[in-house]
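Chains A and B supply the protein sequences, listed in that same order. Using the numbering used here, the letters of the first sequence map in sequence onto residues 1 to 315. Using the numbering used here, the letters of the second sequence map in sequence onto residues 1001 to 1308.
Rather than coming from a laboratory, the hints here were simulated on the basis of the structure. Since this is a predicted model, take the numbers as computed values, not measurements. Idealized CB from N, CA, C, for every residue including glycine. A hint or two may mislead.
[To be verified] In silico contact screen, one side only, chain B against chain A (beta carbon under 10 angstroms); selected entries:
| # | residue |
| --- | --- |
| 1 | VAL1059 |
| 2 | PRO1061 |
| 3 | GLY1074 |
| 4 | ILE1094 |
| 5 | ILE1110 |
| 6 | TRP1111 |
| 7 | THR1164 |
| 8 | ARG1169 |
| 9 | LEU1175 |
| 10 | ALA1183 |
| 11 | LEU1203 |
| 12 | ALA1205 |
| 13 | VAL1208 |
| 14 | ALA1260 |
| 15 | ALA1281 |
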Amino acid sequence: MSTRATDVAAAADRNGRFRSTFRNRASRARSRQARLPWLFLAPALLLLGLFTFWPVLWGGYLAFTEYNFLTPPRWVGLANFEDLLDDPVFFISLKNSLLYLLIVPAIQLGAIVLAVLVNNALPGIKLFRAAFYVPVVTSVSVVGIMWGWMYNEQGLINAVLQWLHVINDPIGWLSDDRLALFSLMLVTLWRGLGWYMVLYLAALQAIPSDLEEAAVLDGASRWQRFWQITIPMIMPTILLCTVLSTLAAMKVLEEVLIMTKGGPVSSTYTGLYYAYDQGIRAFNFPRALAASLVVSVFCLAIAWLNFRFLRPRHR
Amino acid sequence: MALGNGSNARVIEGGLRARANAAPEHRTPSAKRRSMAPRHRLRIALHYAVLLLIGLVCVFPFLWTLSVALGTEGNVFAFPSSLIPHAVSLANFIEVFRVIDLGRYFWNSIWITFWTVVWTILVCALAAYPLARYRFRGRKLVFAVILATLMLPTEVNFLVNFITTTQLRLVNTHLGVILPTVAGAIGIFMMKTAFEEIPQDLLDAARVDGASELHIFFRIMLPLALPQIGALTILTTVTTWNNFLWPSVVLTKSDLMPLAVGILELSGTFGSSTRVIAAGAVLTIAPALIVFFFTQRFFMRGMEGAIK
């Protein structure tokens, strides 16, 4: 009886101990289980934090400070923005960044037309698609060098135009301060067309073919089908691409840096080139960051406008 | 009044005639097709003509650069004579290695691209694994944080990143070029969709056999995600090879520069001829273009494959 009681007690004890060790092990396993995802995520989160989020936060703060690398930043309020208002080059930069938006409709229209042209199974169509995409996979530095030759006063474009007797005297595509910005815009257009074409091509191929066939049976013309079916069906892509290319146009930098460095007579400064010039060349980081903050605010506003006016309305 | 009536009548009459003309066509489709054939052919010819014209505009600068690089004499800007080199020679391609240390640039590009690809795949895959396969607290938040990076104004990050790399003493190092580009939302999402497709049974079986999570990651997840790893490798290779702005900010020493940055040094070098620069330009873009031509479908899928 007593032995049985001790047996039972021992068993209970053992059971309890067993249960408690089990619980311990389980909870340890559970906490390890809880830590594990974070260990896997750690490198990416660390790098994203350091090189993607930190610049936005710290950059936003530095724009309101005086900072010279050596001493800690000192809060100066809006002083950097007041400096920007006093700098005529900054106004030129903003004006040019807004002018650059002219390429948005051109690039979208061009990309849609290209996508429609290559959305078929004609022999050799893949070769054409590749040809249109080649500028996208070319380094911007080589693009700049090549277009520098194209635009040279003795360069190819003038040679062709003179050969065709369109012009008599060579045009200073990059040396004329009234023309240089538009020459750069053309390069941006040339570089971007293929990229947007691919996005539109994907959208076109996602249109169900029975929709098109039904319209053909109803006797709709090519033109009607394009406006009544194609355009409404790719509207979400048009919205996406318009926003993307608007933001890209506002943030043009590399073309300017490589081809004109803002010249002639600061006629091709863009918002971000101004920031680059102030920061990386002149080491005036607070002013550079203030300028880039202004550009970012413009971008937000324009993206918002795009969404407002291009979003398909519910009827 | 009479005039109005008359024009109305004419419109109606015209409409009737049009319908009457259209009717027989519907009844005899073969006849219609026969009559359409030449027009159809004309339309296709026109289609090709437009494609050729636009294609020419897209590739003209490349063709001209190649022709200048291969030629040796004559005015490089003369049109149309400069489009076809008189005597093809590789002299400019040899000369460019003499004028600048192109071999060094080439090696730097390969080195930077290789390590960027390795680290990108490792970091993105590691991050994607728990996002695809674990339910843990904070998962949604992490997801939102990564998605947010696509919306942040990251184009201006190079300014603060330059300050950060300076403070980490990574200026003028290849690590400084590589690190900031490694973790990216698109890479993480690509790997996440890859991992989500792997059947759960495989993981359960491995866990029953006592495999550790790292073992599962390296021995099961990564090998089964090889197609997507391949796609990410190709896209990262081309992007890194072509990358210009960030390397040009971090690297000021010429002997550390990749091709995309070094080629501008060449074009700034006093006395280097257009033909030599053209040869350098051809060598700079050739690797990326070759990769592109053999793996077009990964690029033609656009962003949708990555973002979906």
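Going through the hints against the structure:
Among the interface hints, the one on VAL1059/B holds; its C-beta lies about 5 angstroms from the nearest C-beta in chain A, closer than the 10 angstroms criterion. Interface hint at PRO1061/B: satisfied, since its Cβ lies 4 angstroms from the closest Cβ of chain A, which is below the 10 angstroms cut-off. For GLY1074/B, the interface hint is violated, since its Cβ never comes within 10 angstroms of a Cβ in chain A; the closest pair sits about 13 angstroms apart. For ILE1094/B, the shortest C-beta to C-beta distance to chain A is roughly 20 angstroms, which exceeds 10 angstroms, and the interface hint is violated.
Proximity of ILE1110/B to chain A is violated relative to the hint, the smallest CB-CB distance being about 15 angstroms (cut-off 10 angstroms). Of the supplied interface hints, the one on TRP1111/B is violated, with its beta-carbon coming no nearer than about 17 angstroms to a beta-carbon of chain A, more than 10 angstroms. Of the supplied interface hints, the one on THR1164/B holds, with its beta-carbon coming within about 7 angstroms of a beta-carbon of chain A, less than 10 angstroms. The interface hint given for ARG1169/B is violated, since its Cβ lies 13 angstroms from the closest Cβ of chain A, which is over the 10 angstroms cut-off.
Evaluation of the LEU1175/B hint against chain A yields a violated restraint, the C-beta minimum of about 12 angstroms exceeding 10 angstroms. Of the supplied interface hints, the one on ALA1183/B holds, with its beta-carbon coming within about 4 angstroms of a beta-carbon of chain A, less than 10 angstroms. Checking LEU1203/B against chain A: minimum C-beta separation of about 13 angstroms lies over 10 angstroms; hint violated. Of the supplied interface hints, the one on ALA1205/B is violated, with its beta-carbon coming no nearer than about 19 angstroms to a beta-carbon of chain A, more than 10 angstroms.
Violation of the interface hint for VAL1208/B is found here, the shortest Cβ-Cβ separation to chain A being roughly 15 angstroms, above the 10 angstroms cut-off. At a threshold of 10 angstroms, the smallest CB-CB gap from ALA1260/B to chain A is about 4 angstroms, leaving the interface hint in force. The restraint placing ALA1281/B at the interface with chain A holds, with a minimum CB-CB distance near 5 angstroms, inside the 10 angstroms limit.
The structure fails hints 3, 4, 5, 6, 8, 9, 11, 12, 13 (numbered hints given earlier, in ascending order).
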